Amino acid sequence: MTTSVTSAPAPAAAPTPAQPAKHREVGVLNGIAHIALVFWALVTVGPLIWAVLASFKSNTEIYLGTPFALPEHFSFENYASAWQEAHIGRYFLNSVFVVSLSTAGTMLFGSMAAYVLARYRFRGNRFIYYMFVSGLALPTFMAITPLFYILNNMGLKNTFTGLILVYIAYSLPFTVFFLAAFFKSLPHEIDEAATMDGASHTRKFFQIMMPMAKSGLISITIFNIVGQWNQYLLPVAIMQGAGADSKWVLTQGIASISVQAGYHAEWDVLFAALTLTIIPMIIVYAIFQRQIQAGLTAGAVK
Amino acid sequence: MRHGKYPFIIGFLAVPVALYVTFVVAAYLQTFYLSVHQWSGLGPMKYVGFDNFVKIWDDELFWKSIWHHGYLLIALPLVTIAIALFFAFLLNVGGGMKGGTTIGVRGSGFYRVVFFFPQLLALAIVAVIFGRVFASDKSGMLNGLMPDSWAPWLFLADKRWAMTCIVVVLIWQAVGFYVVLFSAGMGAIEHEIYEAAALDGATKFTLFFKITLPLLWNTIQVGWVYLGIAAFDAFALVNIMSVDRGGPDGATSVLAMMIYRNTFDYSQAGYASAIGVVLFFLTLTFAALTLRVTRREAV
Chain A
1 MTTSVTSAPA
11 PAAAPTPAQP
21 AKHREVGVLN
31 GIAHIALVFW
41 ALVTVGPLIW
51 AVLASFKSNT
61 EIYLGTPFAL
71 PEHFSFENYA
81 SAWQEAHIGR
91 YFLNSVFVVS
101 LSTAGTMLFG
111 SMAAYVLARY
121 RFRGNRFIYY
131 MFVSGLALPT
141 FMAITPLFYI
151 LNNMGLKNTF
161 TGLILVYIAY
171 SLPFTVFFLA
181 AFFKSLPHEI
191 DEAATMDGAS
201 HTRKFFQIMM
211 PMAKSGLISI
221 TIFNIVGQWN
231 QYLLPVAIMQ
241 GAGADSKWVL
251 TQGIASISVQ
261 AGYHAEWDVL
271 FAALTLTIIP
281 MIIVYAIFQR
291 QIQAGLTAGA
301 VK
Chain B
1001 MRHGKYPFII
1011 GFLAVPVALY
1021 VTFVVAAYLQ
1031 TFYLSVHQWS
1041 GLGPMKYVGF
1051 DNFVKIWDDE
1061 LFWKSIWHHG
1071 YLLIALPLVT
1081 IAIALFFAFL
1091 LNVGGGMKGG
1101 TTIGVRGSGF
1111 YRVVFFFPQL
1121 LALAIVAVIF
1131 GRVFASDKSG
1141 MLNGLMPDSW
1151 APWLFLADKR
1161 WAMTCIVVVL
1171 IWQAVGFYVV
1181 LFSAGMGAIE
1191 HEIYEAAALD
1201 GATKFTLFFK
1211 ITLPLLWNTI
1221 QVGWVYLGIA
1231 AFDAFALVNI
1241 MSVDRGGPDG
1251 ATSVLAMMIY
1261 RNTFDYSQAG
1271 YASAIGVVLF
1281 FLTLTFAALT
1291 LRVTRREAV
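Chains as they are written, first to last, in the working numbering: chain A, 1 to 302; chain B, 1001 to 1299.
Hints listed in this document are in silico derivations from the structure and should not be mistaken for laboratory results. Since the model is a prediction, treat every value here as computed from it, not as a measurement. Please note that a few of the clues may not be correct.
[Stated by the list, open to error] In the DMTMM-like style, the derived pairs of lysine to aspartate or glutamate whose C-alpha atoms are separated by at most 25 Å in a straight line are:
no.: 1; chain 1: B; residue 1: 1138; chain 2: A; residue 2: 192
no.: 2; chain 1: B; residue 1: 1005; chain 2: A; residue 2: 191
no.: 3; chain 1: A; residue 1: 157; chain 2: B; residue 2: 1195
no.: 4; chain 1: A; residue 1: 157; chain 2: B; residue 2: 1265
no.: 5; chain 1: B; residue 1: 1204; chain 2: B; residue 2: 1190
no.: 6; chain 1: B; residue 1: 1005; chain 2: A; residue 2: 189
no.: 7; chain 1: B; residue 1: 1005; chain 2: A; residue 2: 245
no.: 8; chain 1: A; residue 1: 157; chain 2: A; residue 2: 245
no.: 9; chain 1: B; residue 1: 1138; chain 2: A; residue 2: 72
no.: 10; chain 1: B; residue 1: 1064; chain 2: B; residue 2: 1265
no.: 11; chain 1: B; residue 1: 1159; chain 2: B; residue 2: 1244
no.: 12; chain 1: A; residue 1: 214; chain 2: A; residue 2: 192
no.: 13; chain 1: B; residue 1: 1138; chain 2: A; residue 2: 266
no.: 14; chain 1: B; residue 1: 1005; chain 2: A; residue 2: 197
no.: 15; chain 1: B; residue 1: 1055; chain 2: B; residue 2: 1190
no.: 16; chain 1: B; residue 1: 1210; chain 2: B; residue 2: 1233
no.: 17; chain 1: B; residue 1: 1138; chain 2: A; residue 2: 61
[Claimed, not checked] Cβ-to-Cβ under 8 Å is the rule here; a few derived chain B residues that face chain A:
no.: 18; residue: 1105
no.: 19; residue: 1124
no.: 20; residue: 1177
Built from N, CA and C at the ideal position, the CB exists for glycine as well.
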């Protein structure tokens, strides 16, 4: 990364030899541009770097008031505590377990519903479609009170099953909305040819339509993985009661570690737990950066 | 196409519709039902008509929360979109012309990747990090950066600034997403337009206000709606970051926080649901207003 201001007015930047005055204007603007960009990059990564540095420090060091100083020695003690006492590993695995099942379920049921609603005519089609899509406009926490009691009555409160089913149900509006539009755009010729060849509806869906919709399915899968991994309100409302802490997901776990740390004003372990949470995200992001950006902006670009 | 069509349709729709009706539709409908009842969560419900809504009207905390949503609704979209537009312009057009196409400043790809990352982090995680960034003693990042001679700033513990801290964090997280979103929109603008304008001697300033901004208007509106919806939430940040969950002294209270606390802390399921209904109408009003403004501008 070069951030040097003087190198900014690259000669190649102007197609025709520009006037000196104009050239200088470009140079100054470029300088300001780079300063602004570097500033925001620092604002973005600053808190993250600070958290990683603090994760190696002792609690006393954290209170020294030198946030970006390197730790005196790199000790992994905090990480051991975060793993063993604060159970960050368990929360992480819980999240992995819940999100893999709930995303798989969301994609399966979401694409089934979207496919039928997009490509078959039947009574009530529009009604069911709008029922799903209206969920997009409503804030989730409006329903949180009754939802808790619904799960309670079904005996699903504080269970992974309950959480997974709720994740699927609340992911359906966007999934159905997006995929229905996608399935609608697929050509009808192949569809008809397959019917001629005697393919059943189910076979057509799994062997012809799903592969054709691959790009849309990938975007929405990423969208759902990120959304469900980051969910906070639903698990906080559903995973409570006796022994709930062994079933908490990562977001809940971190929040609880933060509260615990606050009681004793001991923050070192919290920073280790945070780092253990952020690092995997950075690795995944570094590898799938393009797909993730496409997946997350998919809804808005349409 | 004919044989077995209906069994197939029913087979494919049964599970998703059943899940959706049980956990989403039923829950939303019960919100309305509960809102006219008094119920602790256990035992019998008592029908109380509009008492809950009268109670909301007289609830000082409710009006504080509404005020906070108003603040969020103005500050969050305005600042986020302004910053994101500025950076998106620099990253896409700021580098001038090269080989007949406009290019971004050097390192555009890198900045785009870095700026977007916070979007990937859960708001809950972001809230925990910034809870420490804004800590009111020397262990906080900002207070740690200040000279030792200064008295520590209180940030979240200061009634006057607590809500602004929450807004700042929301902006911090959102900017990258809108940089990417606006970049996609700017990428769709024909290069010839910039080329022609540049040949006419237009400065970057003119390029931005006369070309980029008008052609990007639709995307900006989408962003406005998204951020507006986010302004009605903020639950994770308030629940985790703020002093005393919505404090100090109600200074960061939002409707989601009130719903949550009335349900799970105060056992006032009926009252919580009534707030949920109010929230429903507020969201609806916002959506209707946005649509209306959008349509007027399209004419």
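Cross-check of the supplied hints:
no.	hint	result
1	B:1138 - A:192	violated, 70 Å
2	B:1005 - A:191	holds, 14 Å
3	A:157 - B:1195	violated, 61 Å
4	A:157 - B:1265	holds, 17 Å
5	B:1204 - B:1190	holds, 16 Å
6	B:1005 - A:189	holds, 19 Å
7	B:1005 - A:245	violated, 47 Å
8	A:157 - A:245	holds, 13 Å
9	B:1138 - A:72	holds, 18 Å
10	B:1064 - B:1265	holds, 20 Å
11	B:1159 - B:1244	holds, 12 Å
12	A:214 - A:192	holds, 20 Å
13	B:1138 - A:266	holds, 13 Å
14	B:1005 - A:197	holds, 16 Å
15	B:1055 - B:1190	violated, 56 Å
16	B:1210 - B:1233	violated, 35 Å
17	B:1138 - A:61	holds, 10 Å
18	1105	holds, 5 Å
19	1124	holds, 4 Å
20	1177	holds, 7 Å
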